[in-house]
Amino acid sequence: MGNIVSLRKVAKRYTRGKEVVEVLHSLDLDIAEGDFVALMGPSGSGKTTLLNLIGGLDRPTEGEVIVAGEHIDRLSGAALARWRARHVGFVFQFYNLMPMLSAQGNVELPLLLTRLSAAQRRANALTALTIVGLADRARHKPSELSGGQQQRVAIARALVADPTLLVCDEPTGDLDRRTADEILGLLQVLNREHGKTVIMVTHDPKAAEYARRQLHMDKGALVDGQVS
Amino acid sequence: MKYFPLLWATLWRKKTRTIFTLLSIVIAFLLFGMLQGVNAAFQQGVTNANVNRLIVTSRISLTEPLPIAQKPLIEAVPGVAGVAYASWFGAYYQEQKNFVFATPVDIDDYLKVVPELKIAPEQIEALKRTRTGLIVGLDLMQKYGWKVGDRIPLHSTIWVKKDDGNSDWAFDIVGTYNFTTDPSQNNGALFNYSYFDEARTFGAGTIGWWIVSVRDPNQSAQIAAAIDKLFENSPDETKSQSEKEFAQSFLKQFGDINFIVQAILGAVFFTLLFLTGNTMMQAVRERIPELAVLKTLGFSDAKVTVLVLAESLLLCLIAAALGLLVASLLFPMLKDYIGAVKLPTSVLVRGAGIAVLLALATGGLPAWRAKRLVIVDALAGR
Ligand SMILES: Nc1ncnc2c1ncn2[C@@H]1O[C@H](COP(=O)(O)OP(=O)(O)O)[C@@H](O)[C@H]1O
Ligand SMILES: [Mg+2]
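First to last, the protein sequences are chains C and W. Everything in the first sequence is counted per this note's numbering, starting at 1 for the first residue and increasing by one. Everything in the second sequence is counted per this note's numbering, starting at 229 for the first residue and increasing by one.
Since the hints were derived computationally from the structure, they do not count as laboratory data. Mixed in with the good hints there might be a few duds.
Just a few of them, taken from the derived set where beta-carbon distance is under 7 Å, the chain W residues facing chain C [stated by the list, open to error]:
1. Ala237
2. Arg241
3. Arg245
4. Thr524
5. Leu525
6. Gly526
Where chain W lies over chain C, by a calculated footprint (3+ residues, C-beta under 8 Å) [said to hold, decoys possible]:
7. 72-81
8. 133-147
9. 207-216
DSS-like mimics (lysine-lysine), calculated; alpha carbons at most 25 Å apart, straight line [as the list claims (entries may be wrong)]:
10. W:Lys242 x C:Lys141
11. W:Lys230 x C:Lys141
12. W:Lys346 x W:Lys389
Every residue, glycine too, gets a C-beta built ideally from N, C-alpha and C.
Using the sequences and the hints given, assemble the complete structure.
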C-alpha cells in the first residue's frame, strides 16, 4: 500500500515577540495507508503541532505536507477546510462536543457540509453511533453522557463522513484505564475492520501498544522508528 | 435551511440569557411600533390636509375668538371661493374621558368649503329645521351606539347656556356624516352655529376660526397674506395658514412629536445595541472552542461568520416580529385618542429594516471575531 501521509523537511516556527521558537525541525515522515500509528513523546515535544499539520489544521513554516494525495500546505483556507471535511476525522482529549446538541446532532454536524438529504444524514449518523455502540443514546446531550461515552460520540462524529484518516490527540488522556481500553479497542477495530488509517498522539505507553507502529518525538524531531 | 436546527440550538444554549435579551428587544420594538404608529397617525393628519383651504385664526392664539363681521371682508378677497367658520366647543359625553370633537358650523357655508364631507340631503335639511340638531361622524355614532332620533347631552368645558346656567347641552341626532378622504375625522360631530351662538352666555357674534377655500392652490400664500393684511392693526389681527401648516402648528402645540418620538427611540435602540451586542459578544466568547471545532470539521471561515450573523439575525427578527405583532394588536385601542385604526404598514416595514440593521450591528463584531479565530490556538486555549 502507498503512503497516505508524506512530510518532507517540515519545519514549524512560532514568533513570540522578538523571539522565534522552532517547534519542529526539518522533519520527514511517511505513514502507510491502513496503518495505526502512535505518536509518543514528552509534553512540549511538538506532537500536537505535528498532528495539526497532518490534519490540515495548520500550515508548516517550511517543507511539504502531502496527505491523501494533496499538497495541503499549498491549499487556501477555504480549500483546506473542504479538504478536511472530505479526508480527516478528528478526535480530541476533551471530546469537544457541542453541548447544546444531542449525540445524534453532534454526529450529523460534519454531514451538514455534504449533499446528503436530512434522512440520509440521520441514517448515517445512526450507523456511526451504532459502530461506537451508542445507538441507544442518540438523543442524549453530552452532559447526560459519561466521559467514555462522550469520546465515543466524538469518534462517531470523526467517522461519519467516512474520512481517509482519523487523527486523535490524546483520545484517552482524560479517561480511566478501563474506559481508555474500550476506546483504544474501538480505534483498533476501526483500523483493522474498517481499514481506517489512524494517527494517535499519546504519552501513555499502554495506549501506544494498541497501535501497529510507534513513533517517538523529542524536542521537535522524530527520534527513532521513522522508517518502518 | 439545514443549518436551522444548529442555529436554533445555539441560540437557546443559555435559555435565561436569551429570553432576557429577547424580551428587551421585544419591548424596544413594541415601543417602536406604538410610538411610530402614533407619530405616523399625527403626521397623517398633516398629509391628509387639504391644499386649497386656509385656516384663519386670531394672531394672538388659536383659542382667541374673531368677530363674525370679518366674513364679508374675507369673502371679498380676490381668489377666495368660500368662507366658513367654526368654534371650539370642548365637549365630552357622560365622562370627561369621552372627549367629543363637536363643532358648531353654518352647514351650508361649511359644506361649500369642505365638499369631502358627505351627508344625505334630507339630513342636511333636518339639521337646518332642528335647532338642536346634531350630525354625527360614522365612527362616533358606532362608538356609543347612537341612532338618528336619539337625544343626547354633551357637556361643554367652555360654554355655559344663559337660560339655565348649565353646561350640559342637549342635542337631537338628525344624521351622520362620512369624511371620505380622511376617515380619522369620522369621530366628530357638527351642529348649528345659530343654536350655539344664541344659547351661550358670552362670546355672541364671535367665531373660533375661519375656513377659507381658494380657487387656485398656487395662490394660497398670497391670499393668506392678503387676508392678514386686511386686519392688520385692527383689534382682531389674523393669522392665515394653509390647512397643512395649521395641522403642523396644531401638532407643535403638543411639542414636536416627531422629534420626541425619534429621540426616545434613538435612546432605546442605542441602549439595545450595547445590550444585545454584549450578549452576542459574550455568547461568542463562550463558544470559541465550539467554533474552533466547527472549523476543524471543515466549516469555512465564511460559513462560521454567516452562522454567527444568522444567529443574531434570528434573535432580532423573532423579537422584532413579536414586538411589532403586539404593537399592531394594541394599536387599535388608541383609535379613540388618535383616530388611526391600524398600525401603518410603513411602520412594520421600517421595523423589519431596523431589526436587520440591529442584527448586523450587534452580530458584526462577534462574527468578525469568529471569522478570525485560528483553530489551533482556540483548541489549545490560547
Ligand atoms: N501558537 C504557538 N505559539 C507559540 N508557541 C507554540 C504555539 N503552538 C505550540 N507552541 C509551542 O510548541 C511546543 C510544542 O507544542 P505541542 O505541539 O503542543 O507539544 P505536545 O503536543 O507534544 O505537548 C510547545 O513548547 C508550545 O509551547
Ligand atoms: Mg499536545
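* Tell me if Ala237 of chain W is really an interface residue toward chain C, meaning its C-beta lies closer than 7 Å to one of theirs. => 4 Å, holds
* To do: With a C-beta cutoff of 8 Å, work out whether three or more residues of the segment 207-216 of chain C approach chain W closely enough for the coverage to hold.
  => Violated - the segment 207-216 of chain C has 0 residues with a Cβ nearer than 8 Å to chain W, which falls short of three.
* Quick one: see if chain W covers the segment 133-147 of chain C, three-plus residues with Cβ-Cβ under 8 Å. => violated (count 0)
* Does Arg245 of chain W pass the interface check with chain C, least Cβ-Cβ distance below 7 Å? -> Since the shortest Cβ distance to chain C is 13 Å, the answer is violated.
* Restraint check for Lys346 of chain W with Lys389 of chain W, where alpha carbons must lie at most 25 Å apart -> 30 Å, violated
* Taking 25 Å as the top limit, are the C-alpha atoms of Lys230 of chain W and Lys141 of chain C close enough? -> 20 Å, holds
* Asked: Does the structure keep Lys242 of chain W and Lys141 of chain C at a Cα separation of 25 Å or less?
  -> Status holds; Cα separation ~14 Å.
* Asked: Quick check: the segment 72-81 of chain C, covered by chain W? Criterion 3+ residues, Cβ under 8 Å.
  -> holds (count 3)
* Can we keep the Arg241 of chain W interface hint, with Cβ of chain C closer than 7 Å? -> With a minimum Cβ separation of about 4 Å from chain C (threshold 7 Å), the hint on Arg241 of chain W holds.
* **Per-residue hint verdict: Thr524 of chain W, partner chain C, C-beta under 7 Å** => Because about 5 Å separates Thr524 of chain W from the closest Cβ in chain C, which is inside the 7 Å limit, the hint holds.
* Asked: With a cut-off of 7 Å, does the beta carbon of Leu525 of chain W approach a beta carbon of chain C closely enough for the hint to hold?
  -> 5 Å, holds
* Hint check: is the beta carbon of Gly526 of chain W less than 7 Å from a beta carbon of chain C? -> At about 3 Å, which falls below the 7 Å cut-off, the nearest Cβ of chain C leaves the hint on Gly526 of chain W intact, so it holds.
In this structure, the earlier hints numbered 3, 8, 9 and 12 are contradicted, and the remaining ones agree with it.
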